[in-house]
Amino acid sequence: MSTAERTTYDGGTRHKAAPAPSAQTGTVQPRKRRGVNREGLEAGRRGTRTLLWILLAAAMVLYGFPFLYLLFTSFKTPIDTIAVPPTILPREWTLENYANALGRNGVPASFINSIQTAVISTLLSLVLAVPAAYGITRYKTLSGRIFIMAALVTRMVPPVAIGIPLASMMASMGLADTPIALSIAHTTISLPLSIWLMSSFFEAVPKDLEEAATVDGCSRLGALWRVVIPVVSGGVAVTAIFAFLASWNEFLFALLMTAIRSQTTPVVIANFQTQFGLDWGSMTALAAVYSIPVILLTLLLQRKIVAGMTLGAVKG
Amino acid sequence: MRISDRRFALFLMTPAALFLAVFVAFPLFRLVADSFFKISPIAGGPREFVGLDNYVRAFASEAFTGAGWRTLAYTLVVVTLEFALGLGMALLFTMLGRSSQIWRTVFMYPLMIAPIVAGLLWKFLMIDNFGLIGTLLHQAGILSDPNQIGWLSDPNIVLFSVAIPDIWLTTSFMCLVLFAGLQNIPGDLIEAARLDGARAPALLFRIILPLLRPVIAVALVVRGIDAARAFDTILIQTNGGPQSASETMSLLIYRTMIRFGDPGLASAMGTIYLLAMLAIAFFAVATIWRPGKDT
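Note that the protein sequences, when read in sequence, are chains A and B.
Taking the numbering used here, the leading residue of the first sequence gets 1, the next gets one more, and so forth.
Taking the numbering used here, the leading residue of the second sequence gets 1001, the next gets one more, and so forth.
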């Protein structure tokens, strides 16, 4: 027992006094280390590792299978799609479902709506969140602390509760059934998240940086724009991806606030179910077309995204 | 003249604060205000002040209390399973170390999929007759008939079936957050415990989990809030059915507002729902997180 030195653990979060293992005695030695548990938890023995790899393989197959099945189904013929009993692989590979889905009225337009809405919402989120997060982290005022708490509470508001009042507000502003109205609604979801993320990124920028810039004659706004933002450009990119995804995948606001003109693809996918009976083939094809670009995009940018996702919770 | 730093900070925050005030706080205010009125569903229709009548009606209706319990059960199921699976995967990735990096990335992919697509996909897997899961279980000899389990048509189990896409979608998030937390545990602490003869369960329950506590708290609260608001996946799979057996609070409010055309009652339900979520979230943060207190 005495060989163990007591270590207080920072937990990566702001509060101190995370519980240390109670059985240990010795001197308190606060410190912070990262990526040091390779010798700790990482399995060493070859037999154990083989077993772990087998477990991982099983988990990955189970986890990946549902989406692969969606892809396989989208290449089946429309009749085979609902064959009893179902087969995993298509008996005959065809693009028929894709042709049906993409050729359907309103589908291409819904893609344009989805892109428009997500782009407007992303820009709006960034324009509002970047200065706000900077104001919160750099000046640490009471109003800033209150604001970031308020932004967190906004996360708890169920969209179904504000969707209808929001829709009637948009209608009275003459924005009913437009991508702008929907992107504003989506920004109510992505803005608190963006502020939270950007605050973590600004936290990491040394204060001397813009102090030097202001001494050189830059205004504070100029320092933010020309010195600080270029430094956190990676963080801005991550925040942009999150805001884009939040809008791209959103369904409830889109259902409540769009009619025909500004319908986004998720609403169209859901409508397949009622309007055209059960056209599973077209539905799987459209779902695949809608999902694959974002999956590829995020896999390409995965390192940054992982950083962004864990930042909020772990450094919170 | 240079304005003070405090003013400048305020100036930077104002646009975002105004946006949230206009597009979140104001609709919320409208929601609460509407909950005291009997409102005709037709736009511009008559409004009549009825005091707390909508609240009385909400609490008296079986649909509302039922949806409340179902939402709670759904949230607990989703969060518990996600946490168990996410922790398992995070430990697996940690024990495999750096060589598992590419699989960590692949494991993340469901996070990018729209909930509506996930709901649809799982509906397709679980649906009666041509659903693949029943067929595979039948071929494996576990079920005598592919339709023996009515995943989405049996009112007794449907609430668990509709939770599956949600769990599938966001176990990755749990895993990511817990994995990041695990990387912050000093390796020599684990070594020391091992030298002291701690076995795997003791290592997990006495050392790893207590150290992860703050991270776990954040992950559970974030996911709990999301699960309690679940709408897309359930709507597309069952639309709350059969016999309202999978109707959670979001769906009930939606149907009360749109289908039954009773915005006043729906607003009262929404207000209660929001207050309950806030109360539970604060309670959860206070008990699980316990900032500043020792175990």
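FYI, nobody ran anything at the bench for these hints, they're computed from the structure.
We put the beta carbon where it would ideally sit given N, CA and C, even for glycine.
Misleading hints may appear alongside valid ones.
[Unchecked claim] Looking from chain A toward chain B, a few residues come up when the C-beta cut is under 10 Å (computed):
1) I180
2) I184
3) V227
4) I229
5) V236
6) E250
7) T265
[To be verified] Here chain A is said to cover these stretches of chain B; the calculated rule only asks that three of the stretch's residues, wherever they fall, bring their Cβ under 8 Å from a Cβ of chain A:
8) 1012-1023
9) 1053-1059
10) 1066-1072
[Unchecked claim] Label pairs and their calculated CB-CB ranges:
11) B/A1284 <-> A/I115: 15 to 23 Å
12) A/N105 <-> B/L1204: 26 to 34 Å
13) B/F1205 <-> A/S233: 41 to 49 Å
14) B/L1195 <-> A/P230: 46 to 54 Å
Against the structure, the hints come out as follows:
1. I180: 12 Å, violated
2. I184: 6 Å, holds
3. V227: 15 Å, violated
4. I229: 13 Å, violated
5. V236: Interface hint status for A/V236: violated (15 Å vs cutoff 10 Å).
6. E250: With a minimum Cβ separation of about 8 Å from chain B (threshold 10 Å), the hint on A/E250 holds.
7. T265: Holds, about 8 Å.
8. 1012-1023: With 8 residues closer than 8 Å to chain A, the stretch 1012-1023 of chain B meets the three-residue bar; holds.
9. 1053-1059: Result for this restraint: violated, n = 0.
10. 1066-1072: violated (count 0)
11. B/A1284 <-> A/I115: 15 to 23 Å: 38 Å, violated
12. A/N105 <-> B/L1204: 26 to 34 Å: 56 Å, violated
13. B/F1205 <-> A/S233: 41 to 49 Å: 43 Å, holds
14. B/L1195 <-> A/P230: 46 to 54 Å: Because 48 Å falls inside the window, the suggested range holds.
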